[in-house]
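**Q** Spelled out, the chains give:
4 protein chains.
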Amino acid sequence: MTRFAVLGTGRIGEMHAEIISQQPDASVSWCYDLDGDRAQATAEKVGARASNDVDAILGADDVDAVLIASPTNTHVELILKSAEAGKPILCEKPIDVDINKVEECRERLRSFDVPLQLGFNRRFDPSHRAVAEAVARGEVGPLELLVITSRDPGPPPPRPILEACGGLFRDTTIHDFDMARFVLGEEPVEIYAMAANRVDPIFAELNDVDTAMIVMRAESGALVHINNSRRTNYGYDQRVEAFGSEGMVRSNNHRPTEVSRYSGAGTQRRDELLYFFIERYRAAYEGEIRDFIGSLNEGRPPSVSFEDGRRALLLSEAAIESFRENRPVTVNFD
Amino acid sequence: MTRFAVLGTGRIGEMHAEIISQQPDASVSWCYDLDGDRAQATAEKVGARASNDVDAILGADDVDAVLIASPTNTHVELILKSAEAGKPILCEKPIDVDINKVEECRERLRSFDVPLQLGFNRRFDPSHRAVAEAVARGEVGPLELLVITSRDPGPPPPRPILEACGGLFRDTTIHDFDMARFVLGEEPVEIYAMAANRVDPIFAELNDVDTAMIVMRAESGALVHINNSRRTNYGYDQRVEAFGSEGMVRSNNHRPTEVSRYSGAGTQRRDELLYFFIERYRAAYEGEIRDFIGSLNEGRPPSVSFEDGRRALLLSEAAIESFRENRPVTVNFD
Amino acid sequence: MTRFAVLGTGRIGEMHAEIISQQPDASVSWCYDLDGDRAQATAEKVGARASNDVDAILGADDVDAVLIASPTNTHVELILKSAEAGKPILCEKPIDVDINKVEECRERLRSFDVPLQLGFNRRFDPSHRAVAEAVARGEVGPLELLVITSRDPGPPPPRPILEACGGLFRDTTIHDFDMARFVLGEEPVEIYAMAANRVDPIFAELNDVDTAMIVMRAESGALVHINNSRRTNYGYDQRVEAFGSEGMVRSNNHRPTEVSRYSGAGTQRRDELLYFFIERYRAAYEGEIRDFIGSLNEGRPPSVSFEDGRRALLLSEAAIESFRENRPVTVNFD
Amino acid sequence: MTRFAVLGTGRIGEMHAEIISQQPDASVSWCYDLDGDRAQATAEKVGARASNDVDAILGADDVDAVLIASPTNTHVELILKSAEAGKPILCEKPIDVDINKVEECRERLRSFDVPLQLGFNRRFDPSHRAVAEAVARGEVGPLELLVITSRDPGPPPPRPILEACGGLFRDTTIHDFDMARFVLGEEPVEIYAMAANRVDPIFAELNDVDTAMIVMRAESGALVHINNSRRTNYGYDQRVEAFGSEGMVRSNNHRPTEVSRYSGAGTQRRDELLYFFIERYRAAYEGEIRDFIGSLNEGRPPSVSFEDGRRALLLSEAAIESFRENRPVTVNFD
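Chains as they are written, first to last, in the numbering used here: chain P, 1 to 334; chain D, 1001 to 1334; chain Z, 2001 to 2334; chain Y, 3001 to 3334.
None of these hints come from the bench; they were simulated from the model. Please note that the accuracy of each hint is not assured.
Straight-line C-alpha distance at most 27 Å; calculated BS3-like pairs for lysine-lysine [unchecked claim]:
# : chain 1 : residue 1 : chain 2 : residue 2
1 : Y       : Lys3045   : D       : Lys1045
2 : D       : Lys1081   : D       : Lys1101
3 : Y       : Lys3045   : Y       : Lys3087
4 : P       : Lys45     : Z       : Lys2101
5 : Y       : Lys3101   : Y       : Lys3087
6 : Y       : Lys3101   : Y       : Lys3081
Reference excerpt, derived from the structure (chain D facing chain Y, CB under 8 Å, subset only) [said to hold, decoys possible]:
# : residue
7 : Pro1024
8 : Asp1025
9 : Ala1026
Just a sample of chain Y residues kept apart from chain Z, beta carbon distances all over 12 Å, derived [what the hints assert, rightly or not]:
#  : residue
10 : Glu3084
11 : Pro3157
12 : Ala3283
13 : Asp3291
14 : Arg3324
15 : Thr3330
Built from N, CA and C at the ideal position, the CB exists for glycine as well.
Based on the provided sequences and hints, a complete structural model is requested.
**A** Below, the structure is given as structure tokens:
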């Protein structure tokens, strides 16, 4: 039985707490949130206790692991505190939107030997994962083209969230960068980004973009395309397509049902796509938790490392540089 | 070069004439129709001559084969005249809606040795045909379940056509009976039909039905289901599904494009199905002509025989008997 | 919080126990099974206690409701015991395979006023349910054709299960009869069944069939087709198609992922269908539990009644009679 | 009746000749090819005469229009000769692979007032065209993302064809550049191209690439992605996806049948995609001919102009420059 402390019980933290509480070999023992009522509410739902004293929680005997789902700008501090307390960590992405803080955190983590898994949940989505596994076992031959479509349903998130999120490339595309690295099984070496403000003026006001197209070249010569939008009117559009000499494998969209409709207005009409990440990636979040627990039980390193989080952010930084200077940028992970 | 006389240049006859004229090894030399202007119009389109003298046409040197697409109640007469003239015949279905006339025609044809192909065009539809071929080569193992969906787009045909057509089972289901025999590769031995008047009161007025479900048992024990409607609001619904121990093969619907639409009103919305037989079965009609020409050139018997037309009609008769007496009926082809 | 006693902890009982234990407002307090170890194992998984004393369980204060998932031939006894104890009941289908025992149970239940929900879980499948709801709100217009495809993945169940199950019509088709009633929103009045032994000789040995096609007529004139097989090699084939003047709504099959594959061996190849009911109908089983808890909390009658179970079985009996006597049978629910 | 001279009767010229000969209001009167036997063979098929004297053909009274399908390096000469002869021209793409020759041709054409349509046949594909029309009428709102997938089936064309074709960007991507301009309804202003040699060493030997990813920005800010490969093993992969605030419209792939297969090896398996342009774009080639004839009859300018051909080639040149210098390139159409 792995007993978790859940730090941060907003929408995602609460979801994690519920998923943990439904596992036969895991439980939530403590919940923490700046908003004490919210922590209390989640704690009650999952049979845990709430506390506003992080240090006490991290020192508690009934805490075998920590799940960090607090606001992004607190991740580094909570990672380091948890590492000091010797507690294995599952931390939501991104590590931070400031690459300097990430590099500093990386330095300080060298002195600890604590398992840390980063929350790139999409790696555990059964459909996307099947694509990565097909590529890894050579089903499509040497990978030649990888196309990732990743568009959020609208409307845009509230302004405070947008202000803190680090912009499209660090907030959204970072998932796609990680997916690209996951499916490629190798590193991108060059990147070029085009982007625009097409969805809502708020993005321009925040000096951000809402619509983007990226191309990358990997070490092997494989080419990668990512396209993003901050708004669809038909649901959460999430696709991965891997192409090579032996064929193509695609991970397509998910809907709440398998119903199709036929009428004078058209045929084979399906539901809107599942609305957003909590619904679309429910199985992925559960897979992530199970993989993390499994890594602790089996003593193997987590499947998604701090370095994976750092590299995805470095790709975000490279995309931003490419977009701002309108030139291809060589990726440097050193 | 096979030179055709086209007898009957209504909608279907005209289509046949055009298809023939587009073949590199065939042409239309003569067109006949009770409506002389209509015959003339088609003749001009396809570079043929028009005449209102059937006997002269059948005696002409530049007629290598006859295509009969006149009203159903003239088929038998034209078949026999053509046979007498020694001209190979491609005749639209059905032979006649009166089984007695069909039996009589069968008797009289014994004295002639003229190739006759019946126009069960759907056998030449590439999708349906692929199902039949898959079954024939054992791809699904011994056939166990065969499901045929066959629904016409609405509204119902004009009253005079309905009055002459012989009713749903002889006019529409007859195609499905032929398809069943084609895919089964064996004979149905028992049939039960349920039917109703659901689409339009005109069918009840004509003592006809517009909605039907049929089950049949084949010699081997394979079971067949056919369902029919005289009206859909989403196009011409034509499907064949063959199931056995080794799997399932399905022939699905056709649309004018491969476009799909995504919006707040739903995802993956496709066009309406192709509207009706001339559009949906264009390739089948062409395949039929090519197969007929091929059989003449190669000296092999036509792929679809008079007997195929008779047996499909006998199944229609059995369905009517089953429906009227509300009991399963044993099929007798003798 | 609704505290359940789970009676019977075989594969389905265990699944129910786990689903209950994952609900925020429900728990399992007691598990019972003839196999005490099995009861104990499930109890441990879900934080319950095991006991081999049904009467003690039914008398316990911490039991608010009973879930019956024991062998079918014990259902009636456990229903009556639970009713006597005044505990609301969620009972797996069928009530019994012997219609006489069902009628007797029905009589004896008249003296109790205990909520009883029958486990026709498929009514809670989001896809099938969407079809029923679309029909109910008139989306397809008056229903004219209803086609239910329902084929189990192979190989056949072990002999003892087959011997006890009551045969194809009472064991498998009973679900489809309930689905037909659910989507129709009215009663079938006539039924005709064809069936065969095509899958495995064991079914013939047991005087059973493994392959069937059924047609039914409903009060309104709507026609229904059901086709069944005891074995597919591509997964659990479960489809519902409702057709009327305003269009068609279909509930299609489910797969573990949304992955499609393209290669020289074909395009758009998908996974096998989800293997069997526990996987395919997981959401339905959860919906069923939630609906049952909701009915208790809200004081409304259960959505699926004893009478629904009885009528589905009466349709099974009518199908058997039709098949044995090879004639259409009028359905009598009195 | 529009009577064509077909100049060049290789595979594409022969197809054009056959399509023309099947139109009710068009015919082929003359065929020309450097290979006289080939010209003769096509002429016989379509009821035309063959000649090896281009000037005589262009001067003939029974030539109302010219279709140029000769080797690319003869296009400019034949365009100018036809223009001098005052004959309307339908010329296969590209005008030439040498932009200087195209500019010179453009200058010289100023002195003639002869209709000239360029053979960007894909504009007439019913599926792609439906996407362009949907965008034009605002169905997806302002266009934000346009994704074009365009991959040829393998193996690579023979070396002499590759040597003459001008490389991937001028030979293949030029179609996609035209499609982008067609769907956008505005001009790309900036382009960046990544490319690689992944398919076959022959491309590297010819200093060519076989795999490419392109991003473009249009005047309005809409972003465009094109990905190309010279080889798939599953058929000819041709997709167009247009996305905006009001939704998405996609043109998907075509197959010879609508058959799907289910077995232990997977479900919903479809045929390989139609193999190559003559099969896949048959309807487009016919639509192109019909549109050209229509423009002549109606006295309207051709739908696809010389300038369209020039601009697509200028985009190819910009892509090559971008790829060679590894930087985004501003597009200049002056």
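**Q** Hinted pair, alpha-carbon criterion (27 Å max): Y:Lys3045, Y:Lys3087. Please report holds or violated.
**A** This hinted pair holds, its Cα atoms lying about 24 Å apart.
**Q** Compute the least Cβ-Cβ separation between Y:Pro3157 and chain Z, then decide whether it is above 12 Å.
**A** Non-interface label on Y:Pro3157 holds, nearest chain Z Cβ at 19 Å vs cutoff 12 Å.
**Q** Are the Cα atoms of Y:Lys3101 and Y:Lys3087 separated by 27 Å or less?
**A** holds, 21 Å
**Q** With d taken as the least Cβ-Cβ distance between Y:Arg3324 and chain Z, does d exceed 12 Å?
**A** holds, 32 Å
**Q** Let's test the interface hint: is any C-beta of chain Y closer than 8 Å to that of D:Pro1024?
**A** holds, 6 Å
**Q** Going by Cβ atoms, does Y:Asp3291 stay more than 12 Å from chain Z at every point?
**A** holds, 30 Å
**Q** Against the 27 Å threshold, does the CA-CA distance of Y:Lys3045 and D:Lys1045 hold or violate the hint?
**A** Answer holds: Y:Lys3045 to D:Lys1045 is near 19 Å, not above 27 Å.
**Q** Since Y:Glu3084 was said not to touch the interface, does its Cβ keep a gap of more than 12 Å from each Cβ of chain Z?
**A** Since the minimum Cβ distance to chain Z is about 48 Å, Y:Glu3084 lies beyond 12 Å and the statement holds.
**Q** Does D:Asp1025 meet its interface restraint, that is, does its C-beta lie within less than 8 Å of any C-beta in chain Y?
**A** Status violated, d = 10 Å.
**Q** Take the shortest C-beta to C-beta distance between D:Ala1026 and chain Y; is it under 8 Å?
**A** violated, 13 Å
**Q** Does Y:Lys3081 sit within 27 Å of Y:Lys3101, going by the straight-line distance between their CA atoms?
**A** It holds: about 15 Å lies between the C-alpha atoms, which stays within 27 Å.
**Q** Can you confirm whether the C-alpha distance between D:Lys1081 and D:Lys1101 stays at or below 27 Å?
**A** Status holds; Cα separation ~15 Å.
Of the hints listed earlier, those the structure fails to meet are numbers 4, 8 and 9, in rising order.
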